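Since chain Y is already given, all that's left is putting chain P on it; use the hints.
Here is how the chains run, residue by residue.
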Amino acid sequence: MAIVAAATAGGALASPAEYEGKRIVSVTFSPATQPLEADQLTRLLPFHPNDALNLDDVRRAIDSLYNTGRYLEIAIDVAPADNGVAVTIITTPHFFVGQVSVEGADDPPSASQLVNATKLGLGTGFSETDVTQASLRLKTLLQSNGFYDAEVKPEISYRAATEEADIHFVLTLGTRAKFSQPEITGEAGSEVGKISGRTNWQKWWGLLGWRQVTENRVQQGLERVRRSYLKSDHLLAKVQMERMDYNPATKTVTPHLRIEAGPEVRVKTEGDKISSGHLKQLIPVYQEQSVDQDLLVEGQRKVEDFFQSAGYFDVKVEFRQDQLEGGEQAIVYTITRGPRYKLVKLDVQGNKYFTNETVRERLAVRPASLLQYRQGRFSLDLLERDKDAIKDLYNANGFRDVKVESKIVTGYKGKELDLAVAITIEEGPQWFVSDLDVTGVDLRLVAVIQDLVQSAAGQPYSSFNVATDRDNILNYYFNNGYPEARFDYQATPGPRPDTMSLRYTVQEGRRNFVRDVIITGLKQTNEKLVDSRLAVAPGDPLSQSQMVDGQRRLYDLGIFAKVNMAVQNPEGRERNKYVLYQFEEASRYSVSTALGAEIARIGGGDPNSLQSPAGAVGFSPRVSLGLSRNNFMGIGHTIGVLSRFSNIQKRVALNYLAPQFSGNENNSLSFSALWDDSRNVRTFTSRRWEGNAQFSHRLSRATTMQYRLTYRRVTVDENTLNISASLIPLFSQPARVGLAAVTLIQDRRDDPIDSHRGYYNTVDIGVAARAFASQTQYGRVVWRNSTYYQLGKDRVLARSTNFGWLYNYGTSPIPLPERFFAGGASSHRAFPENQAGPRDLTTGFPIGGNAFLVNSIEYRFPLIGQSLGGVLFHDAGNVYTDLNSISFRYRQRGKTDFDYMVHAVGFGFRYRTPIGPVRLDLAFSPNSPRFVGYEGTREDLLLGNGIPNVAQRISRFQFHFSLGQSF
Amino acid sequence: MRWAVAFALLAAGTAPGEIVDRIVATVGSSVVTRSDVLLHLRVRAFLDGAPLDLSAAEQRKAVDRLVEQALIRREVELSRYTPPDMADVDAMVDQMRKPRLESDSFYQGELVRYGITDEQLRQAVLWQLTLLRFVEYRFRPGVQVSDDEIKTYYGREAKATPEGKAPPPLDDVRDEIEKILAGQRVNEALNKWLEQARSQTPIKIIEEGLL
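Chains as they are written, first to last, in this note's numbering: chain Y, 1 to 967; chain P, 1 to 211.
The shape of chain P in the complex, shown without the other chains:
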């Protein structure tokens, strides 16, 4: 677009410092900024206890995830789901800190090392809980698992049991199989919904913003 290039030229000529934040993707009327991407990667690495990787490839993957989250966030706002309690967030953070981050000083040090604050972490956890609740309320009620499907799954897994080792009785694992199958269905439903939401929402990724 002619105007974009013209304004960009102008911007380059007049901006002497550095860009502290900018849009890297737009999802309908929402934006994903570079600061969102970096925070997302930092929190993710912190929660996984993994080394911080802010490479362009990781940033690009993070943008895709944030675009999906923006779609869900819009749906959550429109549908007025009840948000989780902060007490739930505290409980989850406490659980997460065990055992690796139980010491306060170590916890604070790790937060600094990953470049995030306690508040940012708690907000990220709050959002994850919201996300889980949304998926549970929105897609779980529509999922039905029949007895035949449980038996088929059990049969398939039983065949894969190493020779000489007897598979557990079906009744012992029935609930677990049901949970697995229901989880798969919920994921399928979520993916289908995301695909539909993507097709109905104008989404634009500004690749240059990630450099």
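Looking at chain Y on its own, in the form it has when it is part of the complex:
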């Protein structure tokens, strides 16, 4: 800047006034290329050619230009010109942080951690001082991870067109230092000799030397030491890292720990017992490692709450601190728990506007029930919260004067320990909005804004609704490029009693638009792919929600580890702004492995044996391996291979997935090739070679259509077919199936994993025809309809009906693996896996059918606490020989009759986990099928050496263990 200074140094201080009032001949910028567009510059300047020069305007021009955030320095030069003055505006542009990258990282710290540590925010103002600070921060982070000799060299490159500065840090790390024997200072107590071992900074207890220093290891080591003191009741122990001394000669670090063990502090209870585990959860002294009055009082309250929730509503808890010999401290909580009450009645009265059910849904206090809350759930704290919840409900609906009182009755109906709680609601008048006046809104937006408003004339008046209106209106403005929009409101009494007159005042402020979208950081990914997913384009209003929407779509592609998004120069008052997207691509390969096992009636001894046609309890370990190549060819597609091996199934699948196909997030296209060798139907082993292509199109949030073309070659291993010898040639013929199918999916469930409300419908219609090169011809319809009704707060009535029909319009029978099989944990629970329906009349093994109908009803309810639930269920249905054979008949007519409706009733447990409920179902079927089997091997069957017509029956008792609800 010395040159600008020199240029101005000659100017006399009084001389600017000489130019006052002179005609401006020209206004130019130096340099000629400016960061702002010409029309914006013209709009910003308060003077133009032919105006008279006014020095106040000159000052204002500097303000306006600087406020755009695009300039670091501005000077205005005036020179005499023909009949006036020529004005030159000399500017120094302001640069902004562009791409920040790091080269030479060795995890830990990862490159991402390092970039974050620079604190150079994308799109924020750039200064070289910040880069120096960032380099220091990087050095600190590297040191805390053992790189004490690390060098950090920043390389800055400027992109003048968009005023961006890219900063690339080149790291020279050197060797990562190792720990050495820690030095301990302070009063570490008797544990001092064990501290080094507890840090876990040595490999194999020191046999293999010391570990390398990482920040994580340092923190974990300190935490381990801290925990060891807690275990020995030193609740106030302080463990701090004072410093870490680096020895460059040995490349080792000596940690200096300052430890103050403090006195032993024992927390005890008197009068009643609490397990030590519960005590540690309830008394915050353990977590905070500090003893003060507030924490002790909080502990007292939590212990009281603990007993109250168990029915001891009169519990009294007090505490005291005792100094014991040897400096020990004792914190003693004295518990007088009193009698154990039972909340037998919870009465809600006085409510007219809302039903009892609506009010009770909001209550945490619960009367005693048989299983879930044996004593009821009650505490004074819970009751107060419930009263507040009721008040909030009424307030939000215009009942500004609502009063909620409660009364606790002990000795209810003469029983000393029974308790009743009555909640009385005094609703008061409902207030309404008499009129609403909205001012300050652009005339073109009036209709839009009015649609967003809840507090229209005639609607209930509440501050909650006004707050909702404010949020809706401001969100609309923020998402349409008005970053400075403001909202104020006034409420005054209306012309009629219990009415309010509302006035909303909106200050829209300036509007911002997108100048351009700048994309950086792409290495493998095609930029067109990113462009097509962005929801903002040059000229659009600057909308945060649209920007985030684009970011979400880009993340949904699954090919980016990080999508950083920002507006350049966020604080600057410029009309058109650059939107920046900076990418970090994810690893292109991902490997998945999984181990699992299945325990069910899937066993039955030797595969050659014809015994146990209905299956016996068996165990099948399972291993899965997968490898995916993400972002294939840089277009966001995924190609992968997935294999699964178990006793009953071997499968290898090659998949190709194009999500958000052709830039539309509602479309996806997939291709897959599959080899499968499975014995999940106990009757035979089938092999499948399959290829399919599927196009999926989401019509709405809830509705999806799938269009599928499948080719498969199905082979049944004739040596594994457990059916009559005469039928083997017929059913063991290999067949090529060419199937075109359409599926409609409607999903309006609140939670697909554990649904409480809504419905789920699927209809799948397919045709295997010669036109699709199929050797077998059939039509196929599978329909499912499931509904879920919430009864009260946490009870659900769920129903699911499944129907399927295969229509053979060809001349040869439908291959066995193409038929319908059913039964099992997620189907009909009267049967083991795939054991429903027609069976071979000689061997008794299932042979599937051409139709099925299964209806399931479940009543789901809480059982114990919040995690364990119970289910009562009834399943009815079967797999039938064909459509005409579907029957609701209860009784089996004989051992060769399988076309009747099998029923199962049962009870199940559901244990809630983060990945869905773990399920155990126990089913009893009063009319499980009887049939005949064959005692002997397959060889005996062929030679006629076995014993035919052996009476068999599907066990009436079945168990199913699985994950997730049954439907």
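Heads up, a few of these hints could be off.
These stretches of chain P come out as covered by chain Y in the derived footprint (C-beta under 8 Å, 3 or more residues) [stated by the list, open to error]:
#1 17–27
#2 31–45
The following residues of chain Y were derived to be distant from chain P, with all beta-carbon distances above 12 Å [unchecked claim]:
#3 T185
#4 S434
#5 T811
#6 S955
Here's a subset of chain P near chain Y, in silico, CB distances under 10 Å, partners left out [as the list claims (entries may be wrong)]:
#7 G115
#8 P202
#9 K204
#10 I206
#11 G209
Simulated from the structure, these hints should not be mistaken for laboratory data.
Values in this document were obtained by computation on a predicted structure and should not be read as measured data.
We treat Cβ as the ideally placed atom computed from N, Cα and C, and that holds for glycine.
Same frame as chain Y, but now just chain P:
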């Protein structure tokens, strides 16, 4: 910064006249220009009745004062303090003109001599009143002066009274002492606040702009 030097070179080469105004300091999103500095010095000298000193050293001190004022101005805008009335400004200007500038012609002549206008003067007074009001509203309510502190101050001052001269009774000067101590506390609070505001706001002084 490379770009700054490059653009400055360009500017020097293409600007044939003289710089009539330029940025000399930036305070967050606000600027202090050389015209602000000169006006500040002119008004200050006028109000003090002192000779006009536009030396580089005075300009530098003025920049520091204007930076602090910019910090306060931002806080005033954010906090939406009620601005003083123009009637208050008129009253203050009238009071200030007595007795030295009571004559209109002399007053106008002095304005010309110092290179300012009546409007600029009134705006400067308005800002000073705003500043005083801000300090009073923002910091005065938090200041408490205890009786012990008043007594300690009184004791200290009483000791310093020249021999043979009796200090006034405490009750006579209690209010005055309280005012002095409160004023000191308010100043301390203001300085602390300014220090904090400085540390939280990017401030840049462009020394070359003052030459």
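Comparing the hints with the structure gives:
1. 17–27: Held - the segment 17–27 of chain P has 8 residues with a Cβ nearer than 8 Å to chain Y, which meets the minimum of three.
2. 31–45: holds (count 5)
3. T185: 34 Å, holds
4. S434: 30 Å, holds
5. T811: 83 Å, holds
6. S955: Check passes; 76 Å lies beyond 12 Å.
7. G115: Holds: closest Cβ of chain Y sits about 7 Å from G115 of chain P, inside 10 Å.
8. P202: Interface hint status for P202 of chain P: holds (8 Å vs cutoff 10 Å).
9. K204: This interface hint holds because 8 Å falls under the 10 Å limit.
10. I206: 6 Å, holds
11. G209: 7 Å, holds
When held up to the earlier numbered hints, the structure conflicts with none and fits them all.
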